[in-house]
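Residues per chain, in single letters:
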Amino acid sequence: MGGGNPVKRLMAGNEAIARGAWEAGCRVGTAYPGTPSTEILQFLSEYPEVNAEWSPNEKVALEVAAGAAMAGARALAAMKHVGLNVAADPLFTLSYTGIRGGLVVITADDPEMHSSQNEQDNRHYARAAKLPMLEPADSEEARRLVKLAFALSEEWDCPVLVRTSTRISHGEGLVETEDRRESPLEIKLEKNPAKWVMLPAYARARRPLVEARMEKLVRLAESFAENRIEPGDRSLGIITSGVAYQYAREAFPEASYLKLGMMWPLPSELFRRFAGMVDRLYVVEELDPFLEDWVRGLGIQVIGKAVIPLIGELSPALVRKGISGETAAGQPVPLDLSLPPRPPILCAGCPYRGIFTVLRKLKVFVCGDIGCYTLAAPAPLSALDSCLCMGAGIGQSFGMEKALGEGGPRRVVSVIGDSTFFHSGVTPLMDMAYNHSRGTVIILDNHTTAMTGRQGHPGSGYDIRGEAAPAMDIAKLAEAFGIRRVRVVDPCNLEETEAVLRQELAAEELSVVIARGPCILIPEAREAIKPALRVNLKICAGCRTCLQVACPAISYVRQAGEYRTREGKVKKRKGYSQIDERLCTGCAVCRQVCPFAAHREPS
Amino acid sequence: MVMKVTNVLMAGVGGQGIILASGVLAKTAAAAGLDVKKSDVHGMAQRGGSVLSHVRFGDRVYSPLIPDGETDILMAAEFLEGLRWLPQVRSRGRVVLSTQRILPPTVTRGEQAYPEDILEKIKRRDPRAIHLDCLEIAQAAGDVRTATVVLLGALSTLLPFAQRKWIELLEQEVPKKAVPVNLVAFRRGREWAKG
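Those protein sequence lines, which keep their order, are chains Z and E.
Its first residue numbered 1, the first sequence is counted upward by one per residue in our numbering.
Its first residue numbered 1, the second sequence is counted upward by one per residue in our numbering.
Check before you lean on any hint, since a few could be wrong.
The following label-pair restraints were derived from C-beta to C-beta distances [as the list claims (entries may be wrong)]:
1) E:124 x Z:280: 36 to 42 Å
2) E:175 x Z:92: 45 to 51 Å
3) Z:378 x E:172: 36 to 42 Å
4) Z:378 x E:159: 38 to 44 Å
5) E:60 x Z:453: 54 to 60 Å
6) Z:490 x E:159: 50 to 56 Å
7) E:144 x Z:526: 16 to 22 Å
8) E:117 x Z:561: 24 to 30 Å
9) Z:234 x E:172: 42 to 48 Å
10) E:133 x Z:234: 52 to 58 Å
The hints are simulated quantities; they were obtained by calculation from the structure and are not laboratory data.
Model, not experiment: these values are computed from the prediction.
Cβ atoms here follow ideal geometry from the backbone N, Cα and C, with glycine treated the same way.
Given the sequences, and given the hints that come with them, work out the whole structure.
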């Protein structure tokens with residue numbers, strides 16, 4: 001960091017975004033972890049000039065960043081695509097109030113849903129919220145456009161959206177670096193209700209300014225340096241942006257291109273001019289026909305989603321196939337689906353394995369949520385029945401309880417992780433307490449935000465820099481809501497967990513069960529790993545019950561043999577279980593499900 | 001003359017160090033003055049998923065992902081992953097793979113069998129495929145955790161970068177205390193591939 005040398009460095013898009021923000025004099029950075037955006041704040045937090053935080057959720061993140069910007073500091077809020085849904089409320093009205101210091105909002109989309117519950121196209125937000133949006137096509141552009149976004153934000157008095165996607169955020173390319181320049185803007189609190197207080201009377205006065213801004217931005221878009229015509233062979237013209245540009249260039253290096261760096265607002269004359277330069281015109285974009293609809297609306301003949309897929313991410317092969325047809329060389333190569341797949345599963349020693357084994361046994365409908373525990377849904381655990389969005393499980397279970405009427409609370413539970421709970425599980429729990437629920441809410445507390453890389457959260461006890469931070473007490477919070485039945489269980493103790501869950505399901509009152517056990521990957525747990533268990537081959541019947549807990553350390557060996565029953569009889573078996581000592585952490589969930597208690601500690 | 005882009009696909013299982021290995025290759029190529037792009041598919045890697053890293057280098061690289069079927073060299077740190085990604089290797093492309101097996105969940109549960117014809121299929125695409133027991137070589141070198149660096153050493157024999165350039169980058173990317181054993185591992189991988 002530092003220095004202003006032209007030497008290029010290999011950087012992921014997310015690191016380049018953080019770099020660009022830092023170079024622009026960004027002073028405040030906020031985010032909630034979410035793939036593919038997570039690393040942005042991690043990198044930003046390494047700069048001493050930036051006050052960086054993990055916010056409990058994206059709405060808070062954007063509001064904190066907005067406050068900093070209102071005071072004159074340049075601020076950045078980063079989130080994944082669905083995160084912008086959470087932050088949408090402040091976003092839309094910030095378009096009216098504007099800011100003072102530049103405010104940049106990063107939306108990291110996930111075409112193909114590599115790690116998300118949907119693949120929504122967040123370009124629509126720019127149009128709906130009436131905000132400019134920039135879209136980089138590689139790491140160097142990410143740095144440059146984020147830097148530019150701060151200046152644009154101040155010039156046009158509004159937040160600026162910068163859209164990235166998985167292949168940009170997690171792709172690495174060569175990036176130039178420049179020195180940091182502090183913003184000359186004075187930090188002060190400006191009393192200006194007409195600007196900041198969005199009462200209808202004031203908001204109505206700001207409304208025409210929003211339209212005027214967008215109109216002026218359209219004129220900028222016509223000659224914006226990052227909206228470039230790259231002339232080539234006139235027989236084929238391609239309008240594109242972002243990573244789709246790279247795929248198209250790979251497939252058709254000789255074609256003519258109109259590459260857009262500003263996704264909203266869109267120009268008109270620039271499109272007409274380009275259309276006039278080429279014989280055939282295509283739009284190559286991932287997900288929705290956002291560009292295509294606009295271009296067609298200008299009366300320009302163009303081909304887009306008729307040949308370019310609407311679903312999932314693109315690739316050079318898909319672009320080639322779409323434009324040149326099925327017989328062209330370089331078609332997509334399918335995966336051999338007969339090969340054993342390698343889906344993500346809960347780690348060996350994950351504290352959640354035990355409680356989901358119990359939930360499956362209890363045969364209740366489990367309204368789940370987003371986190372590592374969502375991995376309990378597929379077979380063989382098969383212990384999670386719904387997952388909609390952050391914090392949804394609790395409310396969904398309450399809705400089911402209402403629909404089911406009598407007996408309902410015994411048939412459905414909700415399950416939510418600690419970080420997800422702080423994100424958006426607090427308000428639905430409040431709803432259940434306030435509106436007379438008799439259900440059971442299970443909070444899985446593994447002391448971290450595990451799935452995204454073990455970031456801190458308000459209950460974890462550490463902040464983004466790894467320094468000690470106050471830890472919110474979930475049990476006390478439940479008590480503060482007037483919930484009397486608050487139980488704490490060790491999720492690796494199946495007997496205890498089952499007994500408590502049965503009691504709480506039967507109770508005619510709202511219950512909160514906190515299953516507390518650290519994520520096996522955090523230092524607290526690594527230090528407490530117990531010796532690996534070993535299967536006693538004398539008594540293993542090969543019944544495969546232990547395999548149903550889906551632990552990666554346990555495997556089945558198909559080899560005929562014999563075992564001895566508890567009564568001393570010798571019986572045949574078709575195979576036996578074995579434990580990989582390198583992976584086993586001694587949690588003993590397998591032993592607890594084994595009818596023969598065949599999993600032993602080493603003697 | 002415009003240098004055609006070289007596409008190296010690295011595959012393995014979460015925890016094997018694929019990201020480290022691809023980082024070393026990418027930076028070695030960048031140090032040689034080439035344009036480089038790399039795409040890592042991770043995130044679920046900690047939880048036993050496949051890890052894939054696309055590394056592309058040449059005069060000018062556009063797509064961060066290797067186009068379908070255009071992989072020049074497949075480097076696989078796990079045997080089955082070598083077979084899974086084999087269709088991406090172009091005709092006359094090369095394969096460097098470890099014979100180490102990490103059983104996927106359906107295999108450990110006894111529901112599916114680990115394929116037994118992997119090497120045979122690999123050799124149909126690349127008769128000169130380099131295959132080695134990286135764990136064993138890493139153990140002999142002094143640390144099982146250097147298995148993927150052994151593989152990287154074998155891969156390096158197929159690429160035009162000088163050995164000392166690789167070593168420079170390895171020294172930068174690997175924790176200081178682990179540098180000596182990693183250099184031994186790298187060299188042994190190279191020797192295996194040459195011999």
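Now the hints, each set against the structure:
1. E:124 x Z:280: 36 to 42 Å: 40 Å, holds
2. E:175 x Z:92: 45 to 51 Å: Since the Cβ atoms of residue 175 of chain E and residue 92 of chain Z sit about 47 Å apart, the hinted range of 45 to 51 Å holds.
3. Z:378 x E:172: 36 to 42 Å: Given a distance of about 40 Å, which is inside 36 to 42 Å, the answer is holds.
4. Z:378 x E:159: 38 to 44 Å: Because 39 Å falls inside the window, the suggested range holds.
5. E:60 x Z:453: 54 to 60 Å: 33 Å, violated
6. Z:490 x E:159: 50 to 56 Å: Distance hint for residue 490 of chain Z, residue 159 of chain E holds at roughly 52 Å.
7. E:144 x Z:526: 16 to 22 Å: 18 Å, holds
8. E:117 x Z:561: 24 to 30 Å: 27 Å, holds
9. Z:234 x E:172: 42 to 48 Å: 47 Å, holds
10. E:133 x Z:234: 52 to 58 Å: 56 Å, holds
When the structure is compared with the earlier hints, a violation turns up for hint 5 alone.
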